[in-house]
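Residue numbers 1 to 250, in UniProt numbering, belong to the letters of the sequence shown in order.
These are computed hints drawn from the structure, not numbers from a lab.
Warning: the hint list may mix true and false statements.
[Claimed, not checked] Computed cross-link-like contacts, EDC-like style, restricted to lysine to aspartate or glutamate with a CA-CA straight-line distance of at most 20 Å:
| no. | residue 1 | residue 2 |
| --- | --- | --- |
| 1 | K238 | D144 |
| 2 | K215 | D205 |
| 3 | K224 | E206 |
| 4 | K189 | E103 |
| 5 | K189 | D208 |
| 6 | K184 | D208 |
| 7 | K123 | D218 |
| 8 | K217 | E206 |
| 9 | K238 | D149 |
| 10 | K141 | E108 |
| 11 | K238 | D218 |
| 12 | K245 | D74 |
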Amino acid sequence: MKKILLFAFTAVIMFSCKEKTKEESLNMDENMEMTEEENTDDNSEWIVLFDGTSFDNWRGYLSETMYDNWTIEDGAMAFTPGEEGGKNIITKDQYTNFVLSLEWKISEAGNSGIFWGVHEDEKYPEAYQTGPEIQVLDNEKHPDAKVGDGVHTAGSLYDMIKPSKDVTKPVGEWNHCVIEIDHKTNKGKVTLNGTEIVSFPVHGDEWDAMVANSKFKDWEGFGKYQTGHIGLQDHSDKVWFRNIKIRRLD
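Use the sequences and the hints to build the structure in full.
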């Protein structure tokens with residue numbers, strides 16, 4: 001009888017573990033809505049930048065290695081703020097025309113961002129001094145959401161173009177973000193959770209006019225580099241990223 005009970009107990013535990021694994025797998029994919037930019041027949045075109053297991057494609061900005069503030073938690077890239085700021089990270093490779101797909105999750109009242117066109121130079125201590133930013137934010141509780149008529153809210157082209165609508169998930173849930181930058185067609189756009197919310201020129205007179213009307217108008221290197229690194233921001237708040245991949249459009 002004892003052997004029968006032990007066998008039954010073991011079977012229940014094993015079944016529960018399998019169900020938990022299945023549930024976690026579903027949770028990892030529940031927000032991954034395929035957009036037109038992602039739905040390509042040739043999946044080999046996609047380059048995985050973060051698969052949940054290593055930082056092989058990343059390093060610290062102005063550093064040869066990753067900063068210790070960035071760790072891997074349950075298959076996600078997690079940033080935990082420390083006493084010192086400026087722990088932004090960048091891709092080892094550089095990109096010009098691309099589609100970037102990732103998921104982000106922000107902490108309560110948190111703030112972060114996604115950069116492109118980052119030019120690494122010691123005269124620019126921060127990645128945001130050259131790289132334009134797509135905002136990552138808790139729209140409900142971070143004060144930035146109330147600044148500048150929406151140009152600081154989640155999904156915005158920071159301080160320049162506000163989202164057409166707020167489609168963010170509540171704090172603690174994953175948001176699927178797709179950023180397309182194409183200098184050949186002079187178009188950039190942001191799709192958040194399956195909805196295109198921002199579009200903008202990426203160079204030329206219209207771009208220059210947007211910059212001139214923003215906080216970046218007197219920044220020497222801002223938005224000047226068509227080819228640069230992808231970056232993720234240390235804004236002194238906890239933030240998570242996962243399922244990061246990129247497809248070159250060159």
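Evaluated hints:
Only pairs whose Cα atoms come within 20 Å are accepted, and K238 paired with D144 is accepted, the gap being roughly 16 Å. Of the pairs offered as hints, the one joining K215 and D205 holds, with about 17 Å between alpha carbons and a cut-off of 20 Å not exceeded. Between K224 and E206 the alpha-carbon distance is near 14 Å, which keeps this suggested pair within the 20 Å criterion. Restraint check for K189 and E103: the C-alpha separation of about 16 Å stays at or below 20 Å, so the hint holds.
For the proposed pair K189 and D208, the alpha carbon gap of about 17 Å is at most 20 Å, so the pair holds. Taken as a hint, the K184 and D208 pair is honoured in the structure, with Cα atoms around 17 Å apart against an allowance of 20 Å. With a C-alpha separation of about 15 Å, the suggested pairing of K123 with D218 holds against the 20 Å cut-off. Taking the CA atoms of K217 and E206, the gap is about 13 Å. The hint holds against a cut of 20 Å.
Note on K238 and D149: the hinted pairing is violated, with a Cα-Cα distance of about 25 Å set against a maximum of 20 Å. Of the supplied pair hints, the one linking K141 and E108 holds, its CA atoms being roughly 7 Å apart against a limit of 20 Å. The straight-line distance between the Cα atoms of K238 and D218 is roughly 30 Å, outside the 20 Å bound, and the hint therefore fails. Between K245 and D74 the alpha-carbon distance is near 18 Å, which keeps this suggested pair within the 20 Å criterion.
The structure shown violates the earlier hints numbered 9 and 11.
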